Structure formats: structure tokens, C-alpha cells
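For the record, the sequence lines run as chains A and B. Each residue of the first sequence is one higher than the one before, counting from 0 in numbering that gives the first Met the number 0. Each residue of the second sequence is one higher than the one before, counting from 0 in numbering that gives the first Met the number 0.
Since the hints were derived computationally from the structure, they do not count as laboratory data. Keep in mind it's a predicted model, so treat the numbers as computed, not measured. Honestly, I wouldn't trust all of these hints.
Below, in silico cross-link-like pairs of lysine-lysine (BS3-like), each with a Cα-Cα straight-line distance of 25 Å or less [what the hints assert, rightly or not]:
id, chain 1, residue 1, chain 2, residue 2
1, B, Lys28, A, Lys167
2, A, Lys143, B, Lys28
3, A, Lys143, B, Lys37
4, B, Lys264, B, Lys246
5, B, Lys33, A, Lys246
6, B, Lys48, B, Lys28
7, B, Lys48, A, Lys179
8, A, Lys279, A, Lys11
There are 2 protein chains.
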Amino acid sequence: MTNKMQLKKDLKEKRELVNITLDRFLPRKDEYPKEVHKAIRHSLFAGGKRLRPFLCIRTFSLFNDNIEKVRNIAAAIELLHTYTLIHDDLPDIDDDEYRRGRKACHVLYGNDIALLAGDALLVSAFELLSHAPVDDALKQQMIKEMAIECGDRGLIAGQMMDILCEKKEINERTLNFIHKNKTGKLINMAIRFGCLTAGATNADIKRMNEYGTRIGLAFQIVDDILDIEGDQATVGKTIGKDAKVKKATYPSIYGVDRSREMAKKLIDEATALLSHYGEKAEILLMLTDYMLTRQF
Amino acid sequence: MTNKMQLKKDLKEKRELVNITLDRFLPRKDEYPKEVHKAIRHSLFAGGKRLRPFLCIRTFSLFNDNIEKVRNIAAAIELLHTYTLIHDDLPDIDDDEYRRGRKACHVLYGNDIALLAGDALLVSAFELLSHAPVDDALKQQMIKEMAIECGDRGLIAGQMMDILCEKKEINERTLNFIHKNKTGKLINMAIRFGCLTAGATNADIKRMNEYGTRIGLAFQIVDDILDIEGDQATVGKTIGKDAKVKKATYPSIYGVDRSREMAKKLIDEATALLSHYGEKAEILLMLTDYMLTRQF
Numbered sequence: 000m001t002n003k004m005q006l007k008k009d010l011k012e013k014r015e016l017v018n019i020t021l022d023r024f025l026p027r028k029d030e031y032p033k034e035v036h037k038a039i040r041h042s043l044f045a046g047g048k049r050l051r052p053f054l055c056i057r058t059f060s061l062f063n064d065n066i067e068k069v070r071n072i073a074a075a076i077e078l079l080h081t082y083t084l085i086h087d088d089l090p091d092i093d094d095d096e097y098r099r100g101r102k103a104c105h106v107l108y109g110n111d112i113a114l115l116a117g118d119a120l121l122v123s124a125f126e127l128l129s130h131a132p133v134d135d136a137l138k139q140q141m142i143k144e145m146a147i148e149c150g151d152r153g154l155i156a157g158q159m160m161d162i163l164c165e166k167k168e169i170n171e172r173t174l175n176f177i178h179k180n181k182t183g184k185l186i187n188m189a190i191r192f193g194c195l196t197a198g199a200t201n202a203d204i205k206r207m208n209e210y211g212t213r214i215g216l217a218f219q220i221v222d223d224i225l226d227i228e229g230d231q232a233t234v235g236k237t238i239g240k241d242a243k244v245k246k247a248t249y250p251s252i253y254g255v256d257r258s259r260e261m262a263k264k265l266i267d268e269a270t271a272l273l274s275h276y277g278e279k280a281e282i283l284l285m286l287t288d289y290m291l292t293r294q295f
Numbered sequence: 000m001t002n003k004m005q006l007k008k009d010l011k012e013k014r015e016l017v018n019i020t021l022d023r024f025l026p027r028k029d030e031y032p033k034e035v036h037k038a039i040r041h042s043l044f045a046g047g048k049r050l051r052p053f054l055c056i057r058t059f060s061l062f063n064d065n066i067e068k069v070r071n072i073a074a075a076i077e078l079l080h081t082y083t084l085i086h087d088d089l090p091d092i093d094d095d096e097y098r099r100g101r102k103a104c105h106v107l108y109g110n111d112i113a114l115l116a117g118d119a120l121l122v123s124a125f126e127l128l129s130h131a132p133v134d135d136a137l138k139q140q141m142i143k144e145m146a147i148e149c150g151d152r153g154l155i156a157g158q159m160m161d162i163l164c165e166k167k168e169i170n171e172r173t174l175n176f177i178h179k180n181k182t183g184k185l186i187n188m189a190i191r192f193g194c195l196t197a198g199a200t201n202a203d204i205k206r207m208n209e210y211g212t213r214i215g216l217a218f219q220i221v222d223d224i225l226d227i228e229g230d231q232a233t234v235g236k237t238i239g240k241d242a243k244v245k246k247a248t249y250p251s252i253y254g255v256d257r258s259r260e261m262a263k264k265l266i267d268e269a270t271a272l273l274s275h276y277g278e279k280a281e282i283l284l285m286l287t288d289y290m291l292t293r294q295f
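Working from the sequences, and respecting the hints, build out all of it.
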């Protein structure tokens, strides 16, 4: 099997594990009041890559084989990610009509229901994390970290600056702040929670945090490039939007070629960090490589 | 001192305790990115009655004298309450311009920032609860309950039905569903968390839950009556709004007189439940009485 096929197979397997976890946890779409549950399921089961849960599970399995322990935690992070997508797509924020190749939640269900569906996903992440089969002290630690990382000194600070900086010239420092918080927080949380749940050492947690920071930034840079050069049907969301709203992105500051070089350097560093784990990191290495070459 | 003066003094004292707790916990309004922190503080320190934290603290003190133990928990519930107000007031939902006698968050800061400020308050409630000085198992239990009660089978289900039923004829059962979830969940949570933190017995928890259900419903009925008969400056929010949007309310289904009788009966029952606690419940008794006669 080629690397690409092996990665694809593993991504599919973990995606199914996450989807089953989410499907069992969430209310049925015909549960009263069904509009909110339909809206939640529309956005959650819209063919997302489940990249964050995958990173969580694959990091976990560097240190521990019992994947059952981490599945709720991985799925909780996907709930958070989907909440940010629904709220970001609302007309009050990015006003985006497409997401994951389908109509955005608010386009189908209305702004009011989409807003509440996002709120519901946010609280349900805390509920699902509460069901994780880990001891109370660790669970407590992760809940506190989740709240801090998602809050107004974390993810929301990133979203806020992203909004405030639209149509403005911004410097490299502000751009880094936005992406470190808006995209980076959940990616690093996924990796950190994988480590914590598996019982990794502090040295491993630190190393994997370095890894997460690098792939998170590379992921964002490639995202920005795809918004310029990608194909809408493949990428699954509106293309050319950043330039249209004059959003500051890596290519807009550094140009496409330089941005691609930056992403390449980050991926090389991430790869070097994984070398510490030998064969155990095989799949993560393939994913890291794919981050650079992905078309969606 | 008259009952009214004594209640007023105690409300003020507990309100200050909650305000200090919130003020210390939240980022300063000039912290980067300051727009979101200013928006949060605008809505949070807008002169709210702090009814839910008060119920939490006063229920706690039926069973336990060490109020320090409960202050973070009481304040966390106010964060949740304020998040619901900010999101409810958005043009996508109720489109209300006034709240607590001041301009609504979105009117001053824009819909995008108000939306994110609401999200931030929601996650910060989980963070603040995580700081409560109780053992991990109890904290874990409260976090799980908070997520469930606020989620799409609780508070959000109530908000959802409230939206879906606007301009529609609805029956008593639906009206009760809306208020049990939309208003009732946080009031009952405040009382229950007060009991749990104080180490109350199951019998006490059950009794106080009965109490909470009654005052929660009475509170809503009086709210509906005030929307018809109240004075805007005193009530602090837009008056006559329910009738304008043809919202189903207790007075619209039962008429004002019958609604007032219902509220009276609920308050009588709530008073009877408190009699179990003798002098310890003195202040709660005054509050219960005030629920019926309040003008705002």
C-alpha cells in the first residue's frame, strides 16, 4: 500500500470512529425541538475531514494503545470546531454561504437557528468531555484548559482580531496572533489532550506542542494559498473570498511563493520533531507531509 | 428595619460579592483585543439584579455558612445568564435594543462583537466553575449538569421553541415547555448548585427544586405582566414588545387577572416549602414575597 493509500485508510477509520461517537452522543434529528437538532447534524455531518480529532487520536496512540479512552475527547474537539464554523459563517460575521461543500447552516435553517445550534455545540463539547473515561482530576484539568483556550484570551480573541482587521493593512505580528488563536488553539488542544489522556511525559507534551504549533501554522498558510489557487468544488467552500474582502493572509503579505516556502519549512521542522517516535509516528508523518500537498 | 429594607440590603451585599468576583475573574476592558472585553463588561455590569447568584448563595446559606465556597459558582451562573441575554437581543433573534436600562450590547458594539462576547461569556462560565473550591468529583458533576441544562435539551431547546412559536397560537403545554427551559433551567440550576456545594441532603435538594420551579414560573408570569403593565424606565427593557410580536405569554393565554392569581398560588406554595427551614430562610422568604410585587 502506498503512503497516500495508508493515510487515507487510517483517516477514514478514525473519522468513522469519531462520527459514531458523535452520532451516539447527539440527540436524534427528530427529537423535539427538531429544528435545532437537524441544524446541528447538518453542520456536523457535512463531510468534515475530522483533522483535529485525528490529530488527537494519533497523538494519543504514540503513547497508549487503548483508543477507547480518547474517543470522546477527540469528538468533543470536533464539536468545538463545528461551533466556530457555524458562528463564523453567519451574516453578522463572515457571511459565507458554503461550508464543507454544502450550504452553510444559516442558509438552510435561518440565522436564529444557526446561532443557537452553534451555542448548543459549544456547550455539548463540555458535556461530551465530561463523559470521557479518565479520572476526575484530569477531566477537570482538561475542562478548565478547554474553557481558557476557547475563551476571550484564546480562540475568541483570534476571531475578534480577524473581524477587526478585515479591510485593514495588518502587520505580521497581528496576522500571527490571529492564526495562533483562531486556528492554532484547537489544533494544539487536540494534540495536548491526546498527550494528557495517554499519560505522556512533560517532555513529550512539550515536543508535541512544538509539532502542533508548526503544523497549525502550515495548515493556515496552505488554507490561504488554496483560497487563491484552489478549486471551489474540491476545497468545499467559497474561493477567492479573502481577496474580495481584502483580508490579510500569508500570501497577501508575503506572496504565494514565499508563503509556500514558509509552509515547507514548518512541515520540515514538524517532521523532524516526529522522528523521535520512530515507527509509532508513521501515520502522523504521512499526515504532516499531506498538509503541504493537500488540495482541500 | 422593615422586611423590604432588609431584603434590599442583603441583595445589595450579595450583588457586590458577585460583582467583585466577576470583576476579578474577567479580563480588564483594555486588555487586547479590547473590543470584546469592553462589550462583555458593558453587558455584565449593566446593573443586573443578580437574582440567580442571589438564589444560589441564599440557598447555600440554608445549609452552610462559608459563603466563600459558593461565590465562583454563583457568579458563573450570572455569566451564563448574561450570555443568553446578549444572544437573545441580537437582530437575528429578538432584535431588542434595550437591556437592563441601557443600550443592548450589539447596538453599541455591533452584531459580530456581541455574538462573540456572548460566546466568550458562555465558555467563561465553565472556566469560573472550574475555579470553585470544591472537590474534583463534585465540580465534575456540576460541569456536566451545567452543560446538559444549558444545551439543546435544556435552555437552548426553550429558546428555540420561543423563536419558532413567535406569531403563532400555542397551547399551555408549549408555553410551559418554553418557560421551564428558557427561564427555569438557570433558576433551578442556581438553587441546585447552592444545595450541592453546601452538602445538602437529597431531601433538601428535592424540596428546594420544588421551590425553584415555583418561583421560576412565578417570575416569568410576573415578567409577562410587567411587559403589559410596567413602566419602561423602571423595568429597564422595551415594554409592550410581546404583544407587538404577538408572542404567546401567560397573560395572552389566561388574561392578566388569572395570570396574577396563578403567580400568587405559586408564591404561596414556594413560601410553604421554605417554612421547613425556619429563621434560616428569612431572607429567601422576603425575596419570594417580593417576586410577586416587584415592579422591575
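The hints, checked one at a time:
1. B:Lys28 with A:Lys167: It holds: about 23 Å lies between the C-alpha atoms, which stays within 25 Å.
2. A:Lys143 with B:Lys28: holds (22 Å)
3. A:Lys143 with B:Lys37: holds (23 Å)
4. B:Lys264 with B:Lys246: holds (24 Å)
5. B:Lys33 with A:Lys246: holds (21 Å)
6. B:Lys48 with B:Lys28: Roughly 22 Å between the alpha carbons, so the hint for B:Lys48 and B:Lys28 holds.
7. B:Lys48 with A:Lys179: Measuring from Cα to Cα gives roughly 38 Å; hence the hint is violated.
8. A:Lys279 with A:Lys11: holds (19 Å)
Of the numbered hints given earlier, the model fails hint 7 alone.
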